[in-house]
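Trainee: Sequence:
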Amino acid sequence: MLSVAILACFAALVKTQNTPAFTRPSFVQRRCHSSDNATLCYNNAVGTLYLVATPIGNLEDITLRALRVLSEVDTIAAEDTRHTRKLLSHYQIRTPLLSYHEHNKETRKDEILQALAGGDVALVSDAGMPGLSDPGYELVQAALEADHQVSPIPGASAPVASLVVSGLPTDAFIFIGYLPRRAAERRNLLASLAVERRTMIAFEAPHRLLGSLKEMEAQFGAQRRIAACRELTKLHEEILRGSLAEILAHFQSTKPRGEFTLVVAGKPLDERWLEPAVRKQLRIFLDQGLKPSDAARQVAAQSRWSRQEVYRLTLEK
1 MLSVAILACF
11 AALVKTQNTP
21 AFTRPSFVQR
31 RCHSSDNATL
41 CYNNAVGTLY
51 LVATPIGNLE
61 DITLRALRVL
71 SEVDTIAAED
81 TRHTRKLLSH
91 YQIRTPLLSY
101 HEHNKETRKD
111 EILQALAGGD
121 VALVSDAGMP
131 GLSDPGYELV
141 QAALEADHQV
151 SPIPGASAPV
161 ASLVVSGLPT
171 DAFIFIGYLP
181 RRAAERRNLL
191 ASLAVERRTM
201 IAFEAPHRLL
211 GSLKEMEAQF
221 GAQRRIAACR
231 ELTKLHEEIL
241 RGSLAEILAH
251 FQSTKPRGEF
261 TLVVAGKPLD
271 ERWLEPAVRK
281 QLRIFLDQGL
291 KPSDAARQVA
301 AQSRWSRQEV
311 YRLTLEK
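Residue numbers are given in the working numbering: position 307 of the sequence shown equals residue 307, and the series is strictly consecutive.
Bear in mind the hints are in silico, worked out from the structure with no lab data behind them. Ideal Cβ positions, reconstructed from N, Cα and C, are used throughout, including at glycine. Heads up, some of the hints might be wrong.
Unchecked claim - Distance condition first, Cα-Cα at most 16 Å in a straight line; then the derived EDC-like pairs of lysine to aspartate or glutamate:
| hint | residue 1 | residue 2 |
| --- | --- | --- |
| 1 | Lys-234 | Glu-60 |
| 2 | Lys-234 | Asp-61 |
| 3 | Lys-105 | Glu-138 |
| 4 | Lys-109 | Glu-145 |
| 5 | Lys-109 | Glu-79 |
| 6 | Lys-267 | Asp-171 |
| 7 | Lys-105 | Asp-80 |
| 8 | Lys-86 | Asp-126 |
| 9 | Lys-109 | Glu-138 |
| 10 | Lys-109 | Asp-134 |
| 11 | Lys-255 | Glu-238 |
Said to hold, decoys possible - Derived Cβ-Cβ restraints for the label pairs, each shown as a range:
| hint | residue 1 | residue 2 | range |
| --- | --- | --- | --- |
| 12 | Asp-80 | Leu-315 | 52 to 60 Å |
| 13 | Arg-241 | Leu-144 | 33 to 41 Å |
| 14 | Gln-298 | His-83 | 47 to 55 Å |
| 15 | Asp-270 | Gly-242 | 19 to 27 Å |
| 16 | His-103 | Pro-154 | 21 to 29 Å |
| 17 | Arg-82 | Lys-214 | 34 to 42 Å |
Using the sequences and the accompanying hints, generate a full structural model.
Mentor: Okay, structure coming up:
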């Protein structure tokens, strides 16, 4: 069995190493702030919170280091214990589990901090790196405030995997997380991103996908490039690349299934702005106190609209 072979290989690697499985420092260094200057303080060593990446679909996409950490920590905090138990069972890991998710984070936070006072804890999400689009970052903040060490165990990540296969620029990008559920909030967010030049990455549920694609088309233009990714690393992996108009037309005829990672191209340097973006930037300049003629000139310089076209918008009631 593949998992048994992997574990056997992993065990052999650990035995050949001269260093212990966990290298715990004698002291944890932190910075203390006083009224006049900052000094270095030292506390006794405490437990470490490990942020462990787990597979996003294919169980083989987990690192040897992640398996070691999951098997050697004292507790694993999981977004869904039933889901994580399947992963642990596959690799014959029997570390105790407790749940940590959006609905119990406040009560569980103290319990996890107590566990850290006496040992190490691994935090995992259902898929990918914990702390992205889940309450993991709140636990990280609490652990740091309590002077615990926090260490990442990197691995699979849906946003990064989607970005690198999208065919879109990867040199600069932003991660939006889940798009807002409410249509008005989603519209406002996408309107604010209409002039964003970096590649954008967002999560979306299948039942809201059409609404989001329509709003993107309205705010970004029908020809803006997009990659819609689903089931990455799984048997039915699907990556659709094209313009917003093309991808929208596809899902209008084919029912969306599964969670999507959307990768959208940023605004090209030479692209003419759509009217909503022109109006938004014009309003910003006017609210800053610029004269209509000055505001129109500045917007025209950015938007590839003529100054006269922009100025006419200032005359509308």
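Trainee: It remains to establish, for every hint, whether it holds in the given structure.
Mentor: Hint check:
1. Only pairs whose Cα atoms come within 16 Å are accepted, and Lys-234 paired with Glu-60 is accepted, the gap being roughly 11 Å.
2. Only pairs whose Cα atoms come within 16 Å are accepted, and Lys-234 paired with Asp-61 is accepted, the gap being roughly 11 Å.
3. Restraint check for Lys-105 and Glu-138: the C-alpha separation of about 8 Å stays at or below 16 Å, so the hint holds.
4. Taken as a hint, the Lys-109 and Glu-145 pair is honoured in the structure, with Cα atoms around 12 Å apart against an allowance of 16 Å.
5. For a cut-off of 16 Å, the pair hint linking Lys-109 to Glu-79 stands: about 13 Å separates their Cα positions.
6. Simply put, Lys-267 and Asp-171 have alpha-carbon atoms about 14 Å apart, close enough for the 16 Å limit, and the pair holds.
7. With a C-alpha separation of about 12 Å, the suggested pair Lys-105 and Asp-80 falls inside the 16 Å cut-off, and the hint holds.
8. With a CA separation close to 11 Å, the supplied pair Lys-86 and Asp-126 stays within the 16 Å bound.
9. Distance check on the hinted pair: Lys-109 and Glu-138 sit about 9 Å apart at the alpha-carbon level, within 16 Å; holds.
10. Using a Cα cut-off of 16 Å, the hinted pair Lys-109 and Asp-134 holds, with the two alpha carbons roughly 14 Å apart.
11. Taken as a hint, the Lys-255 and Glu-238 pair is honoured in the structure, with Cα atoms around 14 Å apart against an allowance of 16 Å.
12. A hinted range of 52 to 60 Å for the beta carbons of Asp-80 and Leu-315 is consistent with their spacing of about 56 Å.
13. The hint said 33 to 41 Å for the Cβ distance between Arg-241 and Leu-144, and at roughly 40 Å that hint holds.
14. As the Cβ distance of Gln-298 to His-83 is approximately 52 Å, the hint placing it in 47 to 55 Å holds.
15. The hinted window of 19 to 27 Å between Asp-270 and Gly-242 holds, with their beta carbons roughly 21 Å apart.
16. For His-103 paired with Pro-154, a C-beta distance near 27 Å keeps the hint of 21 to 29 Å intact.
17. Under the hint 34 to 42 Å, the C-beta atoms of Arg-82 and Lys-214, about 35 Å apart, fit the expected range.
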